[in-house]
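J.: Chains A and B, in that order, are what the protein sequence lines are. Numbering-wise (the working numbering), the first sequence opens with residue 49 and increments by one. Numbering-wise (the working numbering), the second sequence opens with residue 233 and increments by one.
Take the hints with a grain of salt, since some may be wrong.
[As the list claims (entries may be wrong)] Chain B side only, calculated, beta carbon under 10 Å to chain A, not exhaustive:
#1 L264
#2 G328
#3 D329
#4 L333
#5 D436
#6 L516
Read the hints as simulated data drawn from the structure, not as lab findings. The structure displayed is predicted, hence computed values, not measured ones. Glycine included, every Cβ here is placed at the ideal spot set by N, Cα and C.
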Amino acid sequence: MTLKTDHYVINIGPQHPSTHGVFRLRLTLDGEVIIDVEPIFGYLHRGMEKLAESRNYTKNIPLTDRLDYLSSMINNQAYCMAVEDLMKIEVPERAQYIRVIMAELQRISAHLAGVGFFLNDIGAFMTPMLYMFREREKIVELFDMVCGQRLNYNYMRFGGVAMDLPEEFLPALKKLLNEMPGFINEYDQLITTNEIVLARCKGVGVLPRELAINAATAGPVLRGSGIEWDLRKKRPYSVYDRFQFDIPTGENGDTYDRYMVRLEEMRQSVRILKQAVEQLPDGEYIGKAPKLIRPPAGETYTAVEGAKGELGFYVVADGSENAYRWHVRAPSLINLTALREMVIGWKVADLMAIFGSIDIVMGEVDR
Amino acid sequence: MDWLHFAVFTLILFAFVISGVLFFIWYERRGLGRFQMRPGPNRAGPFGLLQPVADAIKVLLKEDIVPTLADKPVHFLAPLVAFVPAMAVFAVIPFGDGALLADLNIGILYIMAISSVIVIGIFMAGWGSSNKYSLLGAMRTIAQEVSYEIPLVLSILGAVMLAGSLSLNDIVKAQDVPFVLLQPLGFLIYMTAALAEINRTPFDLLEADSEIVAGFQTEYSGMKFGLFYLTEYAEALSVSAIASTLFLGGWSGPAFLPGFAWLIIKIIAVFTFIIWVRATFPRLRIDQVMSFCWKFLLPLALINLVVTAVLVLSGLNDSPWIAIPFNLLLAAVLIVGLSRQFRTGGGHAST
């Protein structure tokens with residue numbers, strides 16, 4: 049016997065504990081089963097890309113901090129590389145290494161936050177998240193040392209970085225790098241084999257390989273679906289070709305694989321950081337760059353491997369002090385486009401797990 | 233002098249429940265703070281002891297908001313319907329030999345009957361709020377709480393069989409060794425089902441903050457919310473008290489402490505376990521919660537019942553030194569064996 053049931057519409061958000069910012073999902077439900085979902089964004093829109101066209105190049109660096117505010121350093125790096133490409137500015141070796149150190153630290157801290165929030169979304173009452181924030185705090189203190197900020201760092205400049213590393217930085221970093229694998233193992237023990245985590249994540253929200261590619265997803269979302277694609281390896285930039293590391297991938301493309309990829313990526317970042325600290329050369333921390341940046345007419349698309357995937361800056365210069373066009377390829381937004389296919393047929397509770405496993409920051413989705 | 237007994241004991245129970253709830257609120261917040269490596273509340277009074285008082289004052293002073301489209305009488309009555317039974321449960325819990333409000337010869341039945349009424353209050357709250365999050369919470373309430381009632385009652389029956397009485401006072405007296413040793417499986421089933429009944433992690437789907445905001449209590453504020461909050465902790469208190477009474481020996485213990493002190497120590501121990509679970513586990517999904525109840529807990533409870541009946545009739549349970557290792561082994565074998573067979577299922581609905 050089949051019962052006749054009515055569908056009903058429910059709005060998750062714009063204000064909701066699990067939307068990671070202001071985001072609205074218009075769900076059509078049959079009981080608890082999701083029949084349809086319509087993501088609606090724009091509640092945090094700040095017109096950043098337009099704003100950037102009316103400010104000069106240097107003044108746009110702080111704007112990039114406010115995109116994915118959990119990985120400001122990587123945003124800084126991507127934008128600076130785009131302008132350096134237009135201006136043909138050389139970056140000294142030490143500065144390149146410092147940038148890599150900052151980017152990898154930032155990747156660890158972004159993944160810590162991402163995994164922590166994800167576990168919070170599946171109902172682990174804050175404990176794993178607070179464990180992860182314990183280590184994130186140590187990374188934030190390192191950033192505080194180098195640039196005096198704790199969230200929006202604004203540390204990188206065209207041609208290098210704003211300041212050299214302070215004396216106390218490297219010892220503190222080495223100490224953290226020694227401790228970090230132990231901490232990651234601790235999360236592993238606490239979470240990875242927990243029966244409830246397995247029941248909530250295994251096989252849930254599968255993103256098939258083809259769809260992952262067709263939707264242009266990137267980062268852990270793409271790699272969770274089993275595609276070995278990482279710009280640091282496939283199109284090396286900065287000094288990444290000098291380090292040994294692996295690209296972790298998943299097998300099934302489910303929520304669990306995306307979590308595991310992030311966990312493993314943290315281990316790989318620690319590996320890169322250890323090599324970078326060892327190889328760190330002396331020298332200038334910033335190269336020769338003019339005070340007033342005025343690139344010749346032309347355009348560039350420069351992309352780096354952000355914590356959430358390919359983060360690219362498309363900048364069109366017309367020879368003036370301001371960019372003619374400034375566009376960000378934001379991985380959070382593009383990964384989100386696969387959400388609808390991933391959640392239909394699952395339940396409301398799974399929506400939160402899947403949404404959390406995509407790991408988005410609304411500052412980057414709405415620019 | 234029956235009326236005096238009732239009057240005095242009602243007052244004592246009221247004071248016990250209210251102070252117990254305030255203590256639990258403080259204890260849980262401090263405990264969770266320790267589990268999560270953060271200080272927890274520590275500013276109001278020594279060790280943050282005045283924190284629940286400050287919370288209570290805040291709740292009392294808050295505006296009481298009723299949604300325009302709410303079913304107003306239902307919305308108003310729901311917290312009361314939930315709160316009164318949560319209090320009434322304590323009438324049959326003994327604090328010492330014979331020290332209880334009403335020594336009913338059907339004490340356990342009374343507890344089961346009266347505590348089920350709380351579900352109606354929660355459903356009224358979810359339904360009457362005219363809010364879809366509340367509605368989802370209410371639908372989950374009926375499904376979950378009604379289902380878990382069955383393994384809960386079946387697990388308690390093991391203790392009843394051992395004692396040969398439904399009166400809680402008699403059950404305590406019958407425990408030469410705590411029943412947790414003779415009924416390890418029953419105790420585990422009871423604790424699991426009770427966590428679901430009182431809406432605690434990993435079964436806290438009725439409010440599930442990360443999914444449906446606050447579930448059935450989304451549209452409640454001020455003192456009405458306060459009553460739900462009190463209900464929740466009073467339920468936790470009663471569950472801990474029943475577990476202590478049925479399985480841990482209740483008020484009995486070495487004579488250097490009075491009986492009620494032993495009961496309170498055991499209640500706190502059980503509640504500590506509940507906090508520990510809350511600090512550790514993520515939340516299950518509603519279909520997983522349901523299949524866990526019907527496919528795992530219920531068969532386990534039935535097997536436990538049959539095995540206990542055989543043990544009691546054969547007289548094996550009269551000699552603890554054989555019965556305790558046998559029961560522990562049996563519990564381990566059954567849990568491991570059945571959990572190997574148990575699958576939560578896919579959860580995906582093809583539409």
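J.: For this structure, which hints from the list above don't hold up?
T.: Of the numbered hints given earlier, those the structure breaks are 2, 3, 4, listed in rising order.
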